[in-house]
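Colleague: Listed here are the chains, written in short residue letters.
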Amino acid sequence: MITTNARESRLYQSPLDFQDVQDIAIGCSFLGAGGGSITYVTELQLQQALEEDDSRITIVSPHDISDDALVVPCGWIGAPGVLLEKYPDGNEGIIGIKKMEALLGQKVDAVLPMEIGGQNGLSPLLISAKLNLPVLDCDGMGRAFPKGFMQVFNLLERSGTPAVLTNEHGHCVIIDDADNITLERLSRSTSVSMGGRCHKVSYPLWGSDVKEMVIPGTLTLAADIGRNLRIAGCRGQSSQEALFSALRATKDYRYAYPLFEGKIVDVSRRYQYGFSIGTVKIEGFGVNGDTSVIQFQNEFTAAWVNDELRATIPDIISIVDAETCEAIHVENLRYGQRVGVIACSTNSIFRSQKALDLLGPRQFGLQDEYRPVEALNQTTNHFGDAE
Amino acid sequence: MRIGVDVGGTNTDAVLLSQRRVIFSHKTPSTTDVQTGVSEVIGGLLAGSCVDTSAIQRITIGTTQITNAILEEKGLTKVAVIRLAGPAGRSVRPWTGWPTSLKRATRSASYLLPGGYEFDGREISSFDEQMVREAALELANRGVEAIVISCVNSQLNPRMEDRAAEIVQFHCPSAHITKSSDIGRVGFIERENSAILNAACTRLATIMTDGLEAAVRANGLTAAVCISQNDGTAIDVATARRLPILTMASGQANSIRGAAFLSGLKSGIVVDIGGTTCDVGVIKNGLPRESTKGVTIGAVKTNFRMPDVSSIALGGGTIIHCPNSSLSRSESVTELSAQIGRVELGPQSVGSDIKERSLCFGGDTLTATDIALAANPGLAVQVQGANLELLEHLSGSFVSMMSQFINNEVSDIVDQMKTSAEDMTVILVGGGQLLVADTIEGCTHIVRPKYSDVANAVGAAWSQISSATDQIYSHEQDDRDVVLSDLTLKSIDHVVSKGGDRDSARVVEVNEVPLTYLPGQKVRLSVKVIAEFSETT
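Protein chains in written order, with our numbering: chain A, 1 to 387; chain B, 1 to 537.
Careful, some of the hints might be misleading.
Mimicking EDC-like on lysine to aspartate or glutamate, the simulated pairs with C-alpha atoms at most 20 Å apart in a straight line are [to be verified]:
#1 B/418 to A/290
#2 B/301 to A/321
#3 B/418 to A/321
#4 A/354 to A/369
#5 B/418 to A/266
#6 B/418 to A/283
#7 B/103 to A/51
#8 B/418 to B/438
#9 B/103 to A/53
#10 B/284 to B/415
#11 A/107 to A/68
#12 B/355 to B/453
#13 A/354 to A/179
#14 B/103 to A/52
#15 A/147 to A/331
#16 B/301 to A/331
Derived coverage of chain A by chain B (criterion: at least 3 residues anywhere in the stretch with Cβ under 8 Å from a Cβ of chain B; other residues may be distant) [unchecked claim]:
#17 39 to 46
#18 77 to 83
Honestly, the hints are just simulated from the structure, not real lab data.
Glycine residues also receive a C-beta, built at the ideal position from the N, C-alpha and C atoms.
All chains should be modelled from the sequences, with the hints used to inform the complete structure.
Modeller: Now the structure itself:
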């Protein structure tokens, strides 16, 4: 299952500084495919932890954890908009870990992001800072998906329970003996009564599991994306080249394509079933009337250029600032923004028939069968080929 | 008649507007104390135009003093924050993410107290009167002058902020209190940051408004004084004292509005070229198009609405760096084509030293103005003291290539600001406008209105007035259309009572926030109207 090298990384050499955190945040936003909550508040939490509270954040390779170690995926669930006003207390994850330890009668040895996309790629770092636990360089989705069971642990039939949900008051809800779909439903309703969002610790795993059933190296990839973009920005180099060079260095994400560039001319959005659903229309900068339409349901689910389908979920579609190539969150898309549309491949486990039945294009109202992004863009010059 | 004043970095400009026409303008150098410069420019304007002071109905002043105070961290007051958020947000204390020096200049103390609302209106935790009182007493003992009260979801429900402000004001009667709900809009940390910046400027705001009023009164004027804010409207002095942060970036809004006024156009692209920068904004339906991105002030994230302006470092004083000195004399197109890519345009500018340093004034630095004059000698009459002979050594090929280069830079940024590929009119304003030739790619025509060198002051003089009112109504019991028209009428009455002209009043924003925590599907409806100042008041 391991397709990306998570054996060596700059991140394993020394504890993270705030620059690393900011780099990872930029990468997580891209991998969020338009979704995953905004990273800004978590960046501030981590800045406070690092600069004012003198905490340490360490990242380790999933290969370097012992087989009998207890590791837990962590992250937030609920409505992303709530985070605009109500911020975490900072102890939600810690209480969740403590409760999980009590339930399993064993100390937790490491944490990992349940999804790398958006805020959830960053939030386990805060647990690391506060509990001095390492964060594993891997995650359960390799991107962001709208539902908790749309990840590799569920696809490989691991049980999500026991699961611990917590909020800023220290209230704690434990869900046990439920299948993974039911767990998702119960978690959603709990998040609503907890004030719109709650922290979730679920799918407890062994060290031996993470060597086989995670998307490896994704924190390093996020850091590389952010670092490349930052350096390109300072040197006045092409940010798009910088982004593609980070993706090209991996196996999972190497088929990467600049699908379109232009100005957003329309964003239509409605809130339904707890999701933000809609479409974005982009007009090319040229005068020949090229247009692109991107559909979203929390994350971007499909992209068309001049009515031709060019990418669908589970491949990653991101709308980025035309100049800096930094990803723009679905909720921040506005008329008049100058943007690029970028699509790239994703881990092969999400392209299996079993996965597609759970999270493929048909699950998001599309008529089309899934076709990999590299097949939909065969004629375009892309950056996936080895030189 | 009205007077508009623009306090710029180099000059303070004033214009006199009568019957929707500019009848006189005057320029004086800006002074460090601002007040002297404003007094002088108004004095000069009145003397030059020979109008009777009693004929002046209104004076609107656009000033960058608040912006500069924050950017230069000068004259700021230390602020205490009382945050009502229950346990939420403890991991992001006030001032997190601020630049160290600005934090040092503004931070006094912070109190993280219980309170705040969930998205559905439930309380995160109950308001604790006793704890607010204790905090207030401590602040009173320490003599803190500026206090911010911020509460989670106060844009939905300001009740806790209002109550806390009452308690604090009682114990700290001389302190200035900024409630985050006064600044409005969803986005907690951005709203709190804005409130802190506002509070930090309040002492300065008093000094500033007193000074501006004194400058006006010293000239024997008794008319109302208004201050420009960032959406092209003006606020009275009392509001500017309470919410000085609203005056940020008013210069850009004024230049866009001034360009619209002078050209008579309701929509178009405004290119404002000064000595150092070229700012491009868009006018739509007579108002500046607003930016959709969050606005950063002094590296602090805020949630203001500001005009959508793109800037490049290109102005009349922009320095042109050649890879070798002989290049500018070369007539060889081959050599020039090979080398032109190595010529750098700015970003440095000779700024206000242009008359000493630019070639055409006898200096030793090649600037964008030199290229413009060499390319179009007919413009020299507009540039006092310029000597074309000093530019004769520049080769014709070099000049035409550079002038094309400069024009392309402007064309590119204009194109980026367009929302569609259709042709648009460009309105050129500012002292550096001679840099741009008579064609910009993708724009049907270019207008250079008269008085465009004082467009900011014109924008200030022509500023409008706005008013917003809100009301909670029930989807189940009330007819939305009736509520909306009642509320619109109320806003119009309000704007008229503040000096607006009834006939010109129009709705610019309707906002509905569902208050899901109240029974009966309650919705808060708010209506913002904008009107011209009435000529007869």
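Colleague: Are the hints correct? Go through all of them and say.
Modeller: Verification of the hints:
1. For the proposed pair residue 418 of chain B and residue 290 of chain A, the alpha carbon gap of about 16 Å is at most 20 Å, so the pair holds.
2. Of the pairs offered as hints, the one joining residue 301 of chain B and residue 321 of chain A holds, with about 18 Å between alpha carbons and a cut-off of 20 Å not exceeded.
3. Restraint check: the Cα-Cα separation between residue 418 of chain B and residue 321 of chain A comes to about 16 Å, which is no more than 20 Å; the hinted pair holds.
4. Of the pairs offered as hints, the one joining residue 354 of chain A and residue 369 of chain A holds, with about 13 Å between alpha carbons and a cut-off of 20 Å not exceeded.
5. Between residue 418 of chain B and residue 266 of chain A the alpha-carbon distance is near 14 Å, which keeps this suggested pair within the 20 Å criterion.
6. For the hint linking residue 418 of chain B to residue 283 of chain A, the alpha-carbon distance of about 12 Å falls within 20 Å, and the restraint holds.
7. In summary, the hint linking residue 103 of chain B to residue 51 of chain A is supported, as the alpha carbons are separated by about 14 Å, within the 20 Å threshold.
8. At roughly 19 Å between alpha-carbon atoms, residue 418 of chain B and residue 438 of chain B fall within 20 Å of each other, so this suggested pair holds.
9. Restraint check: the Cα-Cα separation between residue 103 of chain B and residue 53 of chain A comes to about 17 Å, which is no more than 20 Å; the hinted pair holds.
10. Annotation: proposed proximity of residue 284 of chain B to residue 415 of chain B holds, straight-line Cα distance about 16 Å (limit 20 Å).
11. Restraint check for residue 107 of chain A and residue 68 of chain A: the C-alpha separation of about 11 Å stays at or below 20 Å, so the hint holds.
12. A threshold of 20 Å between alpha carbons decides the hint, and for residue 355 of chain B with residue 453 of chain B the separation of about 17 Å falls inside it, so the pair holds.
13. Distance hint between residue 354 of chain A and residue 179 of chain A is fulfilled; the C-alpha atoms sit about 17 Å from each other, no more than 20 Å.
14. Of the pairs offered as hints, the one joining residue 103 of chain B and residue 52 of chain A holds, with about 13 Å between alpha carbons and a cut-off of 20 Å not exceeded.
15. This hinted pair checks out: residue 147 of chain A and residue 331 of chain A have alpha carbons roughly 18 Å apart, not beyond 20 Å.
16. Note on residue 301 of chain B and residue 331 of chain A: the hinted pairing holds, with a Cα-Cα distance of about 17 Å set against a maximum of 20 Å.
17. Beta-carbon proximity to chain B at under 8 Å applies to 5 residues in the segment 39 to 46 of chain A; the threshold of 3 is reached and the given coverage holds.
18. Only residues whose beta carbon comes within less than 8 Å of a beta carbon in chain B count, and the segment 77 to 83 of chain A has 3; three or more means the coverage holds.
Checked against the numbered hints given earlier, the structure satisfies every one of them.
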